[in-house]
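The chain contents come next:
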Amino acid sequence: MSFGQLPYDVAHVLGGAMLLLSCMLLYQRRVAAVITALALQGGVLAAAAAWQGYVQGAPQLFLTALIALLAKAVLIPLALRLLVRRFDLDRTVETALGIGASMLAGIALVALAILVVLPVTGGAQAVAREDLALALSVVLLGMLMMITRRNAILQVVGLMSLENGLILAAVGVAGMPLVVELSTAALVLVVLVVGAVFLLMIRGEFASTDTGLVERHRGEAE
Amino acid sequence: MLRACCDVPLLHLTPRAIGSASERFRTFPVLSALGLVILAMLLLAVPAAYGGPERGWVGRLVHAGSLAGCVGFMAIAVAALLGGAPAPLPLPFGPPWGGARLALDALGAWFLLILGLAGALASLFALGHPPGPARSLVPYPLFLAGMALTLAAGDLFTLLLGFEAMSFASWALVAADHEQAENRHAARRYLGFALFAGACLAAAAGLLAAGAGALDFAALRERPPEGWRAAAILALVLAGAGAKAGMVPLHAWLPLAHPAAPSHVSALMSGAMTKVALYVLARFLFDLCGPAQPVWWGVPLLVLGVAGAVLGGLRANLEADTKTLLACSTIENIGLILAALGLALAFRGRDLGGLATLAAGAALLHALNHGVFKTLLFLAAGAVLHAAGSRRIDRLGGLIHAMPVTAACAMLGAGAAAALPPLSGFASEWLLLQSLLAAWKLGDITLQVLAAAALALVGMAVALAAAAMLRLIGLVFLGRPRTPRGAGAHEVGRLERAALVLAAALTLAFGLLPGALLDLAGPAVAQLAGAAPPRHGLGLLAGEGAAAYLPWLVALLLAACLLATWLLLRRRSPQATQRGPVWNGGFIDPPLVFGDPLTQPSAGGIAQPLRRMLGTSLLAAREVVDMPRPGEPRAGHYAASFRDPSEPFLLAPLARATDALAGRAERLRDFSLRQCLGLGFATLVLLLALIAWLEGG
Amino acid sequence: MMQALAAILTQLLHVALVVLAAPLLVGGIRWLKARMLGRRGASPLQPWRDLDKLLRKRPVLAENASAVSEVAPYLGFAACLTALALVPSFALGMALAPLADLLLVAGLLALARMALALTGLDVGTAFGGLGAAREMSFASFAEPALLVAALSFVMLAGSSNLDQIAAALRDGGFGLRISLALAAAAMLAVAVAENARIPVDNPATHLELTMVHEAMLLESSGRHLALWEAQAALRLTLWLALIVAIFLPFGIAPAGAGPLAWALGLLAWVVKMAGLALALAVFESAIAKMRVFRVPEFLGAALLLALLAAALLFVSTGLS
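Chains as they are written, first to last, in our numbering: chain A, 7 to 228; chain B, 324 to 1020; chain C, 99 to 418.
None of these hints come from the bench; they were simulated from the model.
Careful: at least some of the hints might be erroneous.
Chain C regions said to be covered by chain B (calculated; three or more residues, Cβ under 8 Å) [to be verified]:
#: 1; stretch: 331-345
#: 2; stretch: 383-397
Chain C residues, not near chain A, derived (Cβ > 12 Å throughout) [what the hints assert, rightly or not]:
#: 3; residue: 134
#: 4; residue: 320
#: 5; residue: 357
For every residue, glycine included, the Cβ atom is placed at its ideal position computed from N, Cα and C.
Okay, chain A solo, but in the shape it has when bound:
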């Protein structure tokens, strides 16, 4: 498979769209726009999983696509929006690193991902190598987002984006069992519930969702 052939091209485009959406996540200044971008990324992930299911002839990937669509493109963004609206959380993005500097760091991480994946996967096909590089870039950008944003909501969004990258890597490889996918999804759901509870407790204590404020109260009981 190489350039000019439809299966590779479409997979490549979908992976590139996920990377583009990760960059857009770093660039936005409003929480609502960030959640929209996350929902779009979930949708693109579902499309990528469905396309891989069609190309590889693996019907369980269609189930993965359905789960991704329901959970990542619809339910989780909806839940996040409800949280923001109902508890009147901050609607602007507060950054620990400027927008320009975050984007520069993002590009550097993409370059790092490319430089790491290519020599390591020397024996595999060009297709799989580039998809893996794209997926690793999405993972690293999700981690960057978790580190450089002060809002707890945005840290959750970063975690979601990271998980999207992991699933993209998993669907790119032929023959991954469904069990892994379902357990990963359950793990993430648990993390999300814990995160939401934590968020509400912080908000109740400090009337703000800046997780940095918790640091000062380390060691206090109640």
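With the hints as your guide, set chains B and C onto chain A.
Leaving out everything else, chains B and C in the frame of chain A:
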């Protein structure tokens, strides 16, 4: 006079010179002529010592002689480029260990052409206004002679001699107007950097000669350095020649020294001296260090060049003095030439001969174009200073009405500096951008990413240069006068106008015929790139089957469109333009003679978008507002400032280290007699041990 | 001989086409935006009527305006027209094709921008200076993005000649490469910034907060203003035609084809430009103008997307 020179211990008649009369006869047409012209320039300094404002004819004699000498340089350079390199000419005096010699190959001839052009224009301009005191007349021909000697050197001794003569003569010119404190400060800093550059180059020359055992270029080419010696030579030459050329981070002297000198000398320093420093760099790295350097040698030149281009372009947008603005623009253009040289080195190391000729052609063409248009701009700034009495942009304005010829020439020069087609600056930057667009062929992914980042930064530097030129022209020549003295400006004299018009005509001509210029520079390009360049003819080519740029056709198309539009509109819209009061959003100016100068944009105001967008991060630009509290009748204050990054990171630690070292050295004063004798004894023992080790090992 | 005649004919037809189509394009985008906002909107022919009206009026210049205000409108218009004559529209292999270099087009646009900025500074008004300073600072960020986006398709096509790029991307079988998609996104961002559209500048208002381009035209009137308006329309047409020629090259007539291919190419070009105009109108109606000092972030994001495209292309040319 010559005997007096030869009585100095270091110089004496070598036996070779006496017997080589026939050799001298064969090389008479070019190199002897060059030697005679240099000698004539040196001799011009003698009558200049008796010059001054009361004896104007002496100043005119010196400048006319310099003009004739520079025209001679141009003729010799063109003859050498067209006729082939003459054999080296040994000089009748030299250092004790060997003779000095003159040589003029294609590379030296090209830079000699640049020197001749810039020198002729500057001398013509200087003929136009009354000359200064003797201390600014005497070093002028010495400056020109020193630069020519550097370019015509055939061995390292002559090269260093010419380089130091150039440095000291220009220092004397910078310090000529020493009544003002800022000029004294500029001269001190300039001297420091000049000494540093000389020391680095001397060390590099020593390292180079140590391997070959001789100083002349032919012997050095046969034994190129390798390994750590080559890397040390690279570092020393970059530091030495780069400091003289205004390469970052060693550029802190340029924006102070170039404005402090008289206008024609500033033009010469920006237009010619920086190019001579680049020639020295090219001579060492491309020629004397052997025919094949590793690919990574081009990387420091590319990185430092691009950094300098962006920094110079940004600083030019924030400066409030015309000459400082032009000096920062020089830093930017030198950065672009350095980047082109770095690309040529990298391509040569990777054996991509065609691309190396492209990059080398870009470097040489931009050196020539910059030499001419920067000279034009500095001369125009000098004309403005002479006519309107100030260098500060906030005291000028509206000069296009009083000085139309100067304004037109300055606009052409600014258009060339802003890389607008079909002027000369665009042709050389087109070549540079084509070589950057092809730099991905270097293969290694780090080099490719570096080249892509360099492409982005060069694009930003070009746009910043355009913004700086717009600011210069728009604030100085357009708009309304800002001071009464500025309103009373008048057009400059005949000779100064002639110099400006000539320079503008050259800018136009070079813009329309870049292919012919590159063909003239063909042997020099071949020397730099190690491969023969293609013949360009009437346009510029970026390789076979690739893009082309035909400036005369572009100019023809533009003229045709202009004519067609004008003819069409003459029919459809025949009414003549009416003049009325300015609209200005309905704002009515107070009825002052030339309008309220405060309702015009100021230098700091035009700079504000770039100061906030780029200046805060790169130059630590700050805007300090001091507002009075409610009830206080005093005025508010607004001050915008910036700080060049080399000040806190390079010069301040250097100053602290110098003070600390001087403090330590003070302790030597407390030595007793016994300790002083012991010091001398220890040095003697150390030197004897060194000799024993060297002889034994 | 026939080829040379065909080339000259296509060149002349192309120039006539773009001169006629440019104000129509501006009028069409305004009409679409009005419809999307629920208004009826003026007819798409309105810019032609505006130009006619302006040409009939007598131009008035300020008392202290210099020759720059008289000459610069003609120079800006000529520069934009020359640049637009180089960008292929319905056929490749036009008479000026060997001259059609992307860097030359960028240089001619810079010449037009400089002419406009000089006009803004000519009379010495505050608005003119403001507009000129901001316009040049936007250009400092747009140029790097344009050059690095150009790097991607220059690498694929092997030359920076627009004719060769269009031909190579049409026949080359490159498939749907994400590098091209990222480079297209970067160029669209640069096009928005260079043409003073929302979110960088608002072409419809004359308030200090929302204008950059219009600020430099405040003192112009009569035929000078007509030339500046025509130049703005030509510039928009140039950018859209550039994007169409590089990234949507299907349907364009190859070099040396006959009139039937030209007719098909013309139809394809009209459809593509209309599509881009619709997309631009939707984009402008959907988002708000951003603060002036956020524009470097916008263009910086475009630059980083273009760098990403170039890096991915380096990787794939290194692999295969």
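Hint by hint, here is what the structure shows:
1. 331-345: Since three or more residues must qualify, the claim that chain B covers the stretch 331-345 of chain C is violated, with 0 doing so at under 8 Å.
2. 383-397: holds (count 3)
3. 134: holds (20 Å)
4. 320: holds (43 Å)
5. 357: Correct as stated: the minimum Cβ-Cβ distance to chain A is 32 Å, above 12 Å.
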